[in-house]
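Participant: Read off the chains here:
Protein chains: 2
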Amino acid sequence: MELITSNKVVGGWHKRYRHTSTTTQCDMTFAIFLPEAANHGKKVPVLYWLSGLTCTDENFMQKAGAFKTANELGIAIVTSDTSPRGESVADDPAANYDFGLGAGFYLNAIMPPFDKHYHMYDYVVSELPQLIKAHFPVTEQQAISGHSMGGHGALTIGLRNSDVYSSISAFSPIVHPQQCPWGVKAFTGYLGIDTSIWQQYDATALLSQQQFKQPIPILIDQGDADSFLEEQLQPWHLQKVAENINYPLTLNMREGYDHSYFFISSFIDEHLHFHAKHFS
Amino acid sequence: MELITSNKVVGGWHKRYRHTSTTTQCDMTFAIFLPEAANHGKKVPVLYWLSGLTCTDENFMQKAGAFKTANELGIAIVTSDTSPRGESVADDPAANYDFGLGAGFYLNAIMPPFDKHYHMYDYVVSELPQLIKAHFPVTEQQAISGHSMGGHGALTIGLRNSDVYSSISAFSPIVHPQQCPWGVKAFTGYLGIDTSIWQQYDATALLSQQQFKQPIPILIDQGDADSFLEEQLQPWHLQKVAENINYPLTLNMREGYDHSYFFISSFIDEHLHFHAKHFS
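Line order of the protein sequences matches chains S and C.
Position 194 of the first sequence, counting from 1, maps to 194 under the UniProt record's numbering, and the rest follow consecutively.
Position 106 of the second sequence, counting from 1, maps to 106 under the UniProt record's numbering, and the rest follow consecutively.
Looking at chain S on its own, in the form it has when it is part of the complex:
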């Protein structure tokens, strides 16, 4: 594990690392924010953040404005990349932003040529947390959050592993990928046309089929001026299922907010407090 950069921030530290992943079979970069408490030997819980299309580990760390509150609450934050990277890693033949590099969709691809490296589900669920636990002063407590494609990742990974995360949150998530253009394109490309395989990566399907061990709370924030809301995101699908099965899901529609990090930075403190409450 190679340290790339290290910056002191709000009394804690932001550090970026590169490591060779056995899961994605390429070098992966991640970042960690360690609150001040962790400098003093205290073990802290971890919030995993999954970013959206085109992002890397850097977007959240630079733009979300999460550190002050995370530091006060004593929470570490880990941000992963959004896909495998490198010259050997297959990309969308058309190099579009919504498939291939920067668009791993937090699943395990089974279709060639993507099946070799695109195992972001296993990377986020297993390898990355193992690495974090081995190298940093963290407790077993974990929560997961994300934005857009990363909101999809947080919801699906959180539901399927509700025994290891205490809460899930998302900003502007893709909640029903098998019924939106981004999702259909990604699932077809990575998983093939057998839609029965798609279900395990669709939050609305997982919730509807009650594919979770325990009903860990979900918090979603969604701007009503988000240009992707109607065609891609459609959070009401998930909300309706949650209501039907009486699942603890809160969807906050936010008037006037768009899909950007300006939106995330406006409400990230509320998400951090939400996760902190469920850590304790």
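One or more hints might be untrue.
Copies of the same chain are indistinguishable here, so a pair counts whether it falls within one copy or spans any two.
[Claimed, not checked] Using 25 Å as the maximum straight-line C-alpha spacing, the simulated SDA-like pairs for lysine to any residue come out as follows:
#, residue 1, residue 2
1, Lys63, Pro215
2, Lys133, Val164
3, Lys15, Arg254
4, Lys240, Leu206
5, Lys42, Glu255
Please keep in mind that the hints were generated in silico from the structure rather than gathered at the bench.
Values in this document were obtained by computation on a predicted structure and should not be read as measured data.
Once you've looked at the hints, dock chain C against the given chain S.
Facilitator: Structure of chain C alone, referenced to chain S:
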């Protein structure tokens, strides 16, 4: 004046505009954060932020994490670009990052070919505030702040116009450009070799010669792990002069912090509170 983007953030708005500048004779882009109070017709004071080498209006707005506190305090923030831009605008022949585009040094150039467009001093002092006052609900109250080259800009512009700004702050500023490599290169290229002309753009010289109408307070934060500290920034030059003439300057040396926006985001709230105190 053309609106480029508009994002709701923390209840207020971040907006980017393009306009044709008579001062720099090219199109200029700036951004404004308007706190929620301004949406309700209340006039608010303005903090002008000047960024460092290579930056645009965007860096501070995306990375500083200033909006929550600015919103609470009811302060608008305006960020300018760091140089004129466009195909007709002369650049450093070697295209280095520290001269030419992205490196206007907040002065009025007199050396060809830079004398045509590089009038960032007049742009920041006159044209931009006039534009802001004409189009937005702002009071006459102004403060100025900046980072690195922009810290130099804030100090020199603030001191020379101490009747229109109520306070000055800076992160990691170049305080004595005529005695550091960045400054000597820029001043030689924009102003020529007559160093008597340089004095008006050197904060340490201005303070030493007491070139200010009133001693408005100055707050400086500087990280001691900043890789530019010893060669370029040297804040002790300004601090020593301030002590000699009993000028109200506070220099906070911050242990372990570097030159990045992670540092700025760690202490920007304190700067906003400092400016708010002097607005009232």
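Participant: Which of the numbered hints are not met once you compare them with the structure shown?
Facilitator: 1
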